[in-house]
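Peer 1: First to last, the sequence lines map onto chains A and B. Residue numbering for the first sequence follows the UniProt record's numbering, beginning at 1 and increasing consecutively. Residue numbering for the second sequence follows the UniProt record's numbering, beginning at 1 and increasing consecutively.
Hints are computed from structural coordinates only; laboratory data are not their basis. Positions of the beta carbon are idealized from the N, C-alpha and C atoms, including for glycine. Check before you lean on any hint, since a few could be wrong.
Said to hold, decoys possible - Below, in silico cross-link-like pairs of lysine-lysine (DSBU-like), each with a Cα-Cα straight-line distance of 30 Å or less: (1) K194(A) with K159(B); (2) K147(A) with K10(A); (3) K141(A) with K10(A); (4) K329(B) with K147(A); (5) K107(B) with K159(B); (6) K109(B) with K147(A); (7) K107(B) with K314(B); (8) K85(B) with K107(B); (9) K159(B) with K85(B); (10) K147(A) with K314(B); (11) K314(B) with K329(B); (12) K194(A) with K155(B); (13) K159(B) with K327(A); (14) K194(A) with K109(B); (15) K295(A) with K262(A); (16) K314(B) with K109(B); (17) K171(A) with K295(A); (18) K107(B) with K194(A); (19) K109(B) with K85(B); (20) K109(B) with K141(A).
Said to hold, decoys possible - To spell it out: a stretch of chain B is covered by chain A in this simulated footprint if at least three of its residues, at any positions, have a beta carbon under 8 Å from a beta carbon of chain A; those stretches are: (21) 10–16; (22) 19–30; (23) 312–323.
What the hints assert, rightly or not - What follows is a list of derived Cβ distance ranges for each label pair: (24) A287(B) with E199(A): 55 to 65 Å; (25) G146(A) with A287(B): 23 to 33 Å; (26) N160(B) with R234(A): 33 to 43 Å; (27) A33(A) with E6(B): 35 to 45 Å; (28) V317(A) with D9(B): 21 to 31 Å; (29) E199(A) with D111(B): 26 to 36 Å.
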Amino acid sequence: MATVKTYRRKLDLSGRVDLSHGAGGRAMAQLIAEIFHSALDNEWLRRGDDQSVFEIGAGRLAMTTDAFVVSPLFFPGGDIGSLAIHGTVNDLAMSGARPLYLTASFIIEEGFPLADLARIAQSMGAAARDAGVFVIAGDTKVVERGKADGVFITTAGVGRLPHGLELSGDKARPGDAVLISGSIGDHGVAVMSKRENLEFDCEILSDSAALHGLVEGMTAAAGASLRLMRDPTRGGLAATLNEIAQQSGVGFRLEEEAIPVKPEVAAACELLGLDPLNVANEGKLVAVVAPEAAKALLDAMRAHPLGRDAAIIGAVVANERRFVQLKSSFGGSRIVDWLAGEQLPRIC
Amino acid sequence: MKYVDEFRDGRLARGVAETLHRLARPDRTYRLMEFCGGHTHAISRYGLEDLLPSNMRMIHGPGCPVCVLPVGRIDMAIELARRPKVTLCTYADLMRVPASGGASLMKAKADGADIRMVYSTLDAIRIAEAEPDREVIFFAIGFETTTPPTALAIKLAIKNRLTNFSVFCNHVLTPAAMRAILGNRAEGVEIDGFVGPSHVSAVIGLQPYRFVAAQFGKPVVVAGFEPLDVLQAVVMLVRQLNEGRGEIENQYGRAVAAEGNLLAQAEMREIFELRESFEWRGLGEVADSALRLRDAYAAFDAERRFALAAHRAKDNPACECGAILRGAKRPHDCRLFGTVCTPETPMGSCMVSSEGACAAQWTYRRFDERAA
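Just chain A, same shape as in the assembly (with noise of 0.2 Å):
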C-alpha cells in the first residue's frame, strides 16, 4: 500500500502550547491526536467523533464528575493524569460500581511545555489500561498564561452497579464497625514534600490508585452488611467521617492507635503542625460495615494488595450532635473536626 503523504511534521514536544492549540484549527486537531488519542488510544476515540457511543450491559449506572488542579503536577508517585483516573474511577468504585467509560476534559496554560502534556496523557493512558477503563471522549482548551495553572483536568465516568448492592452515606447505624483500608495521609504528604516553598526530604509516594478491585473483594465478602464506602481524598479522614455522621445522624469513636499512619508521614505531619487525620489520601476506602461482618471484611481488605495495611478503626455511635471524637493514646477524647479553611503550617 502506498503511503499518502500528509504534508504534516511531527508535534515537537520541545515546544510549547500555544494559543493555536486550543483554536480548533489544524495545530489543535494535531495536538489530540499526537498527544491524547496516541496515550489513550481505545476503539471509540479512534472514531474521532463528537460522542462516543457505547453499551452498558444489565445493572444499574453510576456516574461521576471531578476536577484535577493539584500543584505541582508530578509528585513522588503520580502525577495529575494518573490522579484525574484514579480518582473518578474511585468515585464510582465507593457506589460497588464497576467503572467502565470516562471523558477527560483539559484546560491548558499558554506556554505550558508539550513534553510534560505528553507525560501527563501516558501517564492518563497507562492508568486508564490498568485499570481497565477506557477514556472514551474528551475536550481541550487552551487559556492565555496566568488564567490557569499549567493544566487542570475534569474527567466524568459511568459504572455499572449490580442489582442488590445499596451502598449509601446515609446507612451508618449505631454499632457498625468503621474500617480504613490503609494509612493515612501519604499522598497529601507527599504533595506538600514537593510544593514550592515547603520542599523537604521525604521517601513517602502517593498511594493514588484504583480501588475497585478491593472493592469486589469486599461487597463479595460483606454483601448487605457493608452500609457504604468512601475515599477520603481532600479533607482526610475526618472529613470523610464528619460528613457520613451528618448524613446518617450518627457519631463515630475513633480509636487513636488503631488508625494506621506512615512514621515518615506523621514525622512530616509533625514537623508541619499537620494533623494526618486531615491530610488527603487518593488511594484510601473508608468503610462502614454491620458488627457482625467486620471481620470478614477486614480479612477480605487484607486480601488484596491496596488493603494489605486494613485496619478495623472504630465504631459508629448514637450522639445527637453528630459529633466524631477519638480517644487518644492517653486515654482523653477529643473530637476530630472538619479542617477550617486550609491546613496550614503553623508559624511556630
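Add chain B to chain A, keeping to what the hints say.
Peer 2: Relative to chain A, chain B alone:
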C-alpha cells in the same frame, strides 16, 4: 518516630496521671496557666484535661502570636499591602484575622492587593531578589522563637544588597506579657504557676523568668510540647506548690540550656531594640514588651520606610478575646463562641489561629459541657 513516640506513650501518661491524682491535695486548687498556644493545642489534642484531678485547672494564656496582635496592626498591614508596587509576605495564620470594618488580609488579597503566604523569612528574601521592581515587606510576628529568623533575613538582605526588602515588625516578648498578667490582679485572675514555652527558652534561657518567682512567688516550669512533657511539667508544678516553693525549673533539659542560645540572643540584640510600649490584644499597652528595628537598620523598617502612621482600633465589643487571653474567662463564657464565632466565621483572633484558646476548645473539646 524516634524522640517523639517516647513522649506520646499512653501507658506512661496513665502512670503520670496516677501520680498527679496522688499528689493533688484535696484542700486546695491548682490553677496553672500554659502560656503558649502550642501547649494549649497539645492539651486539647490529647485530651489531657480528662486526666487531671478535678481541683486542677489549666488556664490558656496569651502565648499565640496571632491572637495577641491588635486589630490596629492588621489594619496597618492591610494599608501597606494596598500601596502601589508593594508585595506583603505573611504567615498564613494571619490571613483570616479580622481587621477593622470586616476587612482581613484575605479580603484585601481578593481585592487585588499583592499579599503572598510564605513559610519562612527566607521565602520573602527570595521574592525580593526575584522581583526587584516590587517593594517586598515581611509581616513579622511572633515571640522570641520567630525573632532570630527575622534578624537573619535582615542580615541576608544587607549581604545581598537588597534595597527593596523591609520588615513590618511586630515581635513581642514572653516575660513582659507574663509580668502584665501577674500585675493585673483587679480581674481576679488567680494563677498558681506557669507552664513556660520551651521554644522560647531555647532562645532566651531561664533567667528572664526569675522575676516570676522572686517578685510574685510563683513557679514556672519550662516544658516541651509533647503531651508527656506537659503532664510532667504539671507534676513538677504541683510538687513545687505542695512544698511551698516558687522556682524556675526546666522540664525540657533535652533541648533548653539555662542560658538559652547566646548566638541568637546576640543577633536579636544587634538588630532590635525595645519599644517603650506596645499594644497587645487583651492586655492593652504593655511597657517594654515588643521589639523594633534599631536606627542603624531603619532602612529595613517598613513603618519608617513607608511613614506608616500608628493605628488603633477597637475590638468587636461582644468579643471576649481579651479576657480569654488574660485567663479571666473561658471560651464558653463568650456569647459569640460557637454561635456567630466559629473557625469558619471568626469574630476574634482566639478563634482564628489554630492554637488560639477558642479554636482549640471548639475544634477538640466542644463536646465537653463542663467547660461551658
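Peer 1: Now tell me, hint by hint, if it's right for this structure.
Peer 2: Against the structure, the hints come out as follows:
no.: 1; hint: K194(A) with K159(B); in the structure: holds (29 Å)
no.: 2; hint: K147(A) with K10(A); in the structure: holds (28 Å)
no.: 3; hint: K141(A) with K10(A); in the structure: holds (21 Å)
no.: 4; hint: K329(B) with K147(A); in the structure: violated (48 Å)
no.: 5; hint: K107(B) with K159(B); in the structure: violated (35 Å)
no.: 6; hint: K109(B) with K147(A); in the structure: holds (17 Å)
no.: 7; hint: K107(B) with K314(B); in the structure: holds (19 Å)
no.: 8; hint: K85(B) with K107(B); in the structure: holds (18 Å)
no.: 9; hint: K159(B) with K85(B); in the structure: holds (23 Å)
no.: 10; hint: K147(A) with K314(B); in the structure: violated (39 Å)
no.: 11; hint: K314(B) with K329(B); in the structure: holds (19 Å)
no.: 12; hint: K194(A) with K155(B); in the structure: holds (28 Å)
no.: 13; hint: K159(B) with K327(A); in the structure: violated (51 Å)
no.: 14; hint: K194(A) with K109(B); in the structure: holds (25 Å)
no.: 15; hint: K295(A) with K262(A); in the structure: holds (23 Å)
no.: 16; hint: K314(B) with K109(B); in the structure: holds (23 Å)
no.: 17; hint: K171(A) with K295(A); in the structure: holds (19 Å)
no.: 18; hint: K107(B) with K194(A); in the structure: holds (28 Å)
no.: 19; hint: K109(B) with K85(B); in the structure: holds (14 Å)
no.: 20; hint: K109(B) with K141(A); in the structure: holds (28 Å)
no.: 21; hint: 10–16; in the structure: holds (count 3)
no.: 22; hint: 19–30; in the structure: violated (count 0)
no.: 23; hint: 312–323; in the structure: violated (count 0)
no.: 24; hint: A287(B) with E199(A): 55 to 65 Å; in the structure: violated (42 Å)
no.: 25; hint: G146(A) with A287(B): 23 to 33 Å; in the structure: violated (49 Å)
no.: 26; hint: N160(B) with R234(A): 33 to 43 Å; in the structure: holds (39 Å)
no.: 27; hint: A33(A) with E6(B): 35 to 45 Å; in the structure: violated (59 Å)
no.: 28; hint: V317(A) with D9(B): 21 to 31 Å; in the structure: holds (27 Å)
no.: 29; hint: E199(A) with D111(B): 26 to 36 Å; in the structure: holds (31 Å)
When the structure is compared with the earlier hints, violations turn up for hints 4, 5, 10, 13, 22, 23, 24, 25 and 27 and for no others.
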